[in-house]
Amino acid sequence: MNTLRVAVDVGGTFTDVCIFDDHTQQMRVTKVPSTPSDPMIAVMNGVERGEIELDKVSLFSHGTTVATNALITRNFPAAAMVTTRGFRDVLEIRDGTKDDLWDAYNDVSPAYIRRRDRFEVTERVDYLGNTITALDEQEARELAERLKRRGVKTVAVCFLNSYANPEHETRMREILEEVIPDANVSTSAEILPEIFEYPRFNTAVANAVLAPLVSGYVNRLADQLRVGGYDGDLLLLHSGGGSMTPRLAEKFPVRLAASGIAAGAISAKHIAQQCGYDNAVSLDMGGTSTDISLVADSELRISQEWQVEYGHPIIFPSIEVLTIGAGGGSLAHIDIAGSLRNGPQSAGADPGPACYSTGGDQPTNTDANVVLGRLGTSLAGGVKRLDKSLAEEAIRRVIAEPLGMGLEEAAQAIISVANANMADAVRLVSIRRGYDPRDFALLAFGGAGALHGADVARELGIPTVVVPPNPGVTSAMGCLLVDIQHDFAQMYTGLASAADEDGIEEVFVALETEALARLRHEGVSDENGLLQRKISMRYSGQWRSLQVPMGSGPGALEQAVRTFHEQYEREFSFRQDDAPVEVYQLHLTAVGKTPKPAFRPAEVRAQAPGEPAGRRPAYFGDLGWVDTPIFERDALAAGTRFEGPAIINQLDSTTVVPPGTRAEIDEWLNIRIYLEETNA
Amino acid sequence: MSMSLVATLPQKRETVLDPVTFEVLKNAFATSVDLMSEQILRTCYSFVIYSRDFSSALCDAEGNTVMQGSGDIAVHVGTLHFQCKAVIEEFGDDIHPNDVFAINDPYRGGTHLNDVSFIRPIFSEGRIIAFAQNKGHWADIGGPVPGSFNVDAAEHFGEGLRITPVRIWSKGVYLHDVAQLLVSNTRAPEQAMGDLHAQSEATAVCERELLRLVDRYGTSTVEAAMQETQDYVERTVRRRLEGLPNGTWETVDYLDLDPGAPESLVPVRIKMTLEGSGIHYDVEGGPAIKTFLNSGYGTTFSAIYAGTKTFFPDVPLNSGFYAAVTADIGPEGTVVNAGWPYAVTGTVSGPYEKLMNGIFELWSQIVPERAMACAFNLEYLLVGGRDARAESKQYFMWYDWMAGGWGGRVDRDGSSATAPVFGVGLAVQPCEGQERLSPVITTMHQIGTDSGGPGRFRGGCGIEKGGTLTDAEQAVMSYCCDRARSITWGIEGGLPSIPHGVWMNRGTENERFLGSIFSSVPVQPGDTFYRPSAGGGGFGDPLDRGAEEVLEDVIDGYVSIGRAAEDYGVVITEVNVDLDEYEIDREATAAKRAWIRASRAGWLTEDAASVAERYRAGDLELLDVIRRHGVILDWGTGELFEETTRQHREQMQRRSADHWGR
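First to last, the sequence lines map onto chains A and B. The first sequence: position 207 = 207 (our numbering), numbered continuously. The second sequence: position 314 = 314 (our numbering), numbered continuously.
Any given hint could turn out to be false.
Claimed, not checked - Covered stretches of chain A (in silico footprint by chain B; criterion: 3 or more residues with CB under 8 angstroms from a CB of chain B, positions within the stretch not fixed):
1. 89 to 96
2. 563 to 577
Said to hold, decoys possible - Derived pair list, reagent style EDC-like, types lysine to aspartate or glutamate, alpha-carbon separation capped at 20 angstroms:
3. Lys148/A / Asp314/B
4. Lys153/A / Asp314/B
5. Lys98/A / Glu581/B
6. Lys148/A / Glu548/B
7. Lys592/B / Glu650/B
8. Lys251/A / Glu139/A
Derived from the structure by calculation, the hints contain no laboratory data. Every residue gets a Cβ at the ideal spot worked out from N, C-alpha and C, and that includes glycine.
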């Protein structure tokens with residue numbers, strides 16, 4: 001019987017594997033080094049190391065950075081773009097803006113397809129979809145021949161106003177497929193049927209340059225797994241937090257562009273749900289950066305826009321994750337005006353923090369944590385040793401002496417600035433959406449999240465911190481928790497008050513038919529298919545729209561308008577009931593429910609922790625040095641309660657429970673840290 | 001009023017906050033301002049605001065700027081404190097919690113009438129501790145021309161509504177009559193009303209955040225942090241100047257013309273002095289001109305700050321910066337210090353970008369690793385009329401601006417297709433959006449081949465955009481730009497790029513060159529209009545550019561085979577265009593380069609009238625007239641501008657020819 005569910009999350013340094021056994025309802029994890037030149041090697045190594053019998057696997061799901069890395073390294077096959085005459089440079093002109101407003105030497109990176117590989121054909125339709133100039137088929141065919149001679153492997157067809165009428169794009173595709181049968185062709189209206197040429201073209205072009213690579217990778221991996229005995233579908237985590245099969249990934253590879261980032265956020269949502277929090281913010285802090293995501297009303301925030309690099313938008317629903325340059329390796333320094341700063345520059349893995357003894361001599365957050373006794377000098381079960389004296393030397397030389405501070409004071413200052421920066425970032429993702437962080441729980445994971453979590457929570461007035469059982473592999477678990485999901489959209493502009501409700505219903509029904517067909521194509525039975533309608537609206541005359549849930553049948557639109565006013569007020573703290581509301585776009589999300597692992601809660605028995613594994617002084621701000629017990633995480637059973645200060649060691653992470661807080665191990669073996677007694 | 005901000009002594013205030021509290025509050029101020037920007041971007045009505053023509057600031061109780069938004073448009077930099085101080089001056093003690101004020105007055109430090117600021121006092125312990133401000137460009141602010149860009153205006157009465165400091169909310173009570181008066185003077189009152197509310201609400205976001213900090217850290221700590229954040233920036237600038245040479249540097253740049261005076265470029269002279277602890281500018285302009293391209297003092301200071309900041313990109317902007325950078329901009333009545341009632345709405349196209357580029361040129365000598373030649377000039381075309389596609393025949397405004405090329409740099413080509421230097425965040429609009437809203441079909445929107453100024457490092461490429469008017473009635477077209485004559489220049493031996501200017505019905509019998517500035521030209525359905533944006537000026541001698549680099553440009557179509565030979569002396573022949581195969585003719589290239597080297601000094605002194613004559617006869621290409629002969633004509637008729645040519649040749653001698661062959 002197939003009882004194993006396997007999730008593999010490929011990161012920059014490690015490939016994490018989560019194995020859940022339906023039979024025992026236990027999860028185990030394993031980590032192998034990533035193999036960037038061919039990520040599949042690490043995946044298969046992980047399978048081997050985890051002693052996974054592939055013929056016992058019922059579900060194999062995978063979060064991959066293959067697409068993201070290809071976009072970063074620009075390792076693309078021979079690609080071309082075919083576009084409307086006069087519009088060869090839409091990709092290069094973009095919207096003309098720069099990310100760095102002031103540094104005249106910091107340019108936006110070049111377009112994904114160079115100018116020499118962008119070609120024009122004669123054709124034009126207007127904004128209503130009427131043909132102004134027919135597609136010149138002769139010219140189109142000559143161009144296809146030329147592309148063939150150039151050895152082009154993949155083509156993006158991007159015509160102006162194709163969202164209103166895709167016929168010319170479709171015809172161009174047919175011609176290309178006739179002339180170059182083995183080429184991939186992506187048409188902009190199929191990839192993204194939305195107005196505005198630059199984001200649509202760029203999304204289609206990203207899809208085109210990724211297509212050969214991604215389909216090659218997912219098909220090779222699916223084959224390997226099949227050879228090993230896995231007879232299910234390989235499920236690929238996509239940017240929107242759902243998954244898709246290789247069949248769809250071949251067609252829409254660009255949807256995998258943020259696959260690697262989505263997994264952590266999905267885990268955060270799961271943990272929040274387990275713990276009974278509707279609202280949570282997650283702090284996934286690694287060596288060089290921290291990913292922050294928001295679960296509000298039990299849902300992850302979804303953004304329509306995503307980009308690997310500024311100026312190259314990829315317009316697909318993506319889980320909103322804010323990444324900031326604050327990690328264990330972030331460098332503390334004093335700037336030219338004598339002010340203490342922290343990050344975003346990082347010591348990275350090379351030369352690394354000073355205490356790693358690998359050549360780094362600049363102080364990092366890790367060094368400050370070591371100096372303050374929060375982090376022990378022996379990590380990963382003794383595999384890695386940290387040199388405290390090197391950390392002290394770096395902090396003394398670079399921070400303490402120039403600022404006239406004591407060593408501990410300086411180390412504390414470094415940590416405080418790092419925590420404040422993270423707190424500011426959380427404020428940005430929460431407050432700008434109208435949420436008050438004080439109503440949230442903070443989920444701390446990643447290698448360094450649990451070291452800082454409680455202090456960041458205090459900074460934000462967040463009452464509770466949750467540290468999951470395996471903070472270092474929390475992301476991989478996210479891959480186990482997703483459903484197949486597809487997102488569809490259709491432009492629909494007009495005043496809500498004058499909208500044709502039957503017409504809107506028709507559009508939704510058409511989208512639903514398409515969606516169900518796609519789910520069936522992926523092997524989802526109709527009873528496991530779930531369709532969710534949404535609608536984007538705005539006050540007439542505004543530029544940005546807001547997406548709200550939409551029902552069906554009479555009165556659905558009216559209800560959606562009411563929801564719009566409410567949600568608008570929440571996000572922007574004002575509303576305009578008298579202003580006309582305009583419909584902008586109709587959305588449909590199709591979910592193919594996949595069975596989830598049934599995590600089994602542990603038996604909770606109120607108890608005190610056993611004898612600590614050790615004690616050491618740790619420095620806590622105003623309290624100074626405090627003698628602090630050290631516990632091993634494995635030794636803390638569900639129901640264990642204790643008060644801070646305490647430090648909890650485990651293989652992949654260290655948790656700090658500061659003085660004045662209370663901690664408890666819950667039935668899912670999370671550590672919950674309560675900062676305010678009243679909320680306990 | 002003669003405007004001079006004289007150098008103050010470097011501040012020696014004691015810092016009272018510990019380093020952590022200071023860093024935390026400084027960053028929190030930035031967050032509070034960015035939250036305000038984030039909100040306005042999502043709630044605005046004006047498409048100009050939506051395209052990021054806005055800014056936000058937290059000012060202290062005296063109106064000094066503590067923090068500006070990290071994504072703000074450059075032209076608002078250094079004007080927000082003037083506007084806040086104007087409100088304080090006007091209302092004094094009569095400022096109360098939950099008041100909100102509006103101001104757009106360009107004669108009190110504002111930019112132009114379209115930029116309307118909303119300012120909200122923030123109180124704690126019964127006193128004002130700060131002001132939150134949001135400034136955004138309204139799509140229309142009245143006056144005789146849609147969009148309120150009236151090229152013909154010589155005084156602000158011909159431009160639109162001037163808003164001196166006025167109260168819109170009084171102790172939380174909305175003064176609808178006052179608000180209505182303002183918006184009723186615009187062409188789009190509902191949109192303006194939407195922006196009035198959105199902007200005012202955005203300032204409330206900043207207030208909420210600041211009060212949260214007050215709750216946590218106490219009023220006096222927050223007040224101290226606002227002062228120290230300014231001191232910090234001032235200290236940073238002064239430290240950066242240590243190690244730079246002392247001395248004075250001078251340059252002059254030009255506007256194209258004064259419509260009320262005989263043909264001649266209009267000078268903007270800049271002298272910069274470094275004396276160890278501060279930066280001082282003396283700026284002098286020609287008399288105020290009879291069009292709306294004059295600059296008020298606020299914008300002139302803004303240009304000085306923004307130009308300087310480009311060479312200190314990582315230094316935050318606030319009044320600490322303004323304390324370290326001082327300027328004397330001379331008496332009122334000039335293009336750089338117009339004063340009431342001179343028209344100033346087009347300032348950014350006029351003196352603003354001349355000042356910025358001139359300052360780039362000066363600093364390029366002092367900080368060569370950031371050197372940059374001149375960038376294209378901000379430009380916008382406005383076609384307005386009745387949209388006959390629907391029976392209602394609503395008013396439409398096709399209000400269009402383009403990206404363009406920036407100057408070549410010390411070790412790399414200029415940036416192509418980039419927003420103007422006055423506002424790098426100003427996004428160009430999608431053609432598909434424009435076609436829905438207006439009866440104009442865009443026929444091309446592409447990079448202009450040969451638009452980048454030739455140089456060892458080529459200027460970035462400009463854009464070409466063409467359109468056709470379809471179903472419209474009573475349509476007129478206006479254009480605001482510059483540098484059809486004061487052509488975007490190169491430095492260190494680099495060459496100029498191309499002239500700006502609009503062509504109507506180009507390539508037909510009815511072809512007309514309308515120039516870089518005109519107003520209310522009638523347009524009929526079927527008429528076409530075309531205009532390029534200039535590329536950046538070149539950096540260094542184009543004859544020093546490697547032939548392979550020129551070939552790469554030819555393959556991508558940034559440079560034509562013809563201009564590769566004429567501008568760079570690189571002779572390239574086609575082998576198989578389909579497969580991007582070309583050959584460099586080494587021998588011919590050496591000969592061509594030798595010939596150009598031997599002839600070019602003479603070209604610049606050749607009789608201008610005969611150059612004009614050859615252009616009119618079709619014997620000389622426009623780019624040769626400019627890049628070889630330095631002669632400036634009416635590009636439509638070929639009429640010679642003698643005085644303009646003299647001035648232009650003088651500049652080209654100084655910036656280009658003097659550096660050749662060294």
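Now for the hints, and whether the structure bears them out:
1. With 7 residues having a beta carbon nearer than 8 angstroms to a beta carbon of chain B, the region 89 to 96 of chain A meets the requirement of three or more and the stated coverage holds.
2. Counting residues of the region 563 to 577 of chain A whose CB lies closer than 8 angstroms to any CB of chain B gives 5, so the stated coverage by that chain holds, three being the minimum.
3. Taking the CA atoms of Lys148/A and Asp314/B, the gap is near 48 angstroms; set against the 20 angstroms cutoff, the hint is violated.
4. Straight-line distance between C-alpha atoms of Lys153/A and Asp314/B comes to about 43 angstroms, which puts the hinted pair past the 20 angstroms bound.
5. Among the hinted pairs, Lys98/A with Glu581/B is inconsistent with the structure: their alpha-carbon atoms are about 33 angstroms apart, more than 20 angstroms.
6. As the CA atoms of Lys148/A and Glu548/B are separated by approximately 26 angstroms, the hinted pair breaks the 20 angstroms bound.
7. Distance restraint check for Lys592/B and Glu650/B: the Cα-Cα separation of roughly 26 angstroms exceeds the 20 angstroms cut-off, and the hinted pair is therefore not satisfied.
8. Pair hint Lys251/A plus Glu139/A does not hold up; C-alpha atoms about 27 angstroms apart against a cutoff of 20 angstroms.
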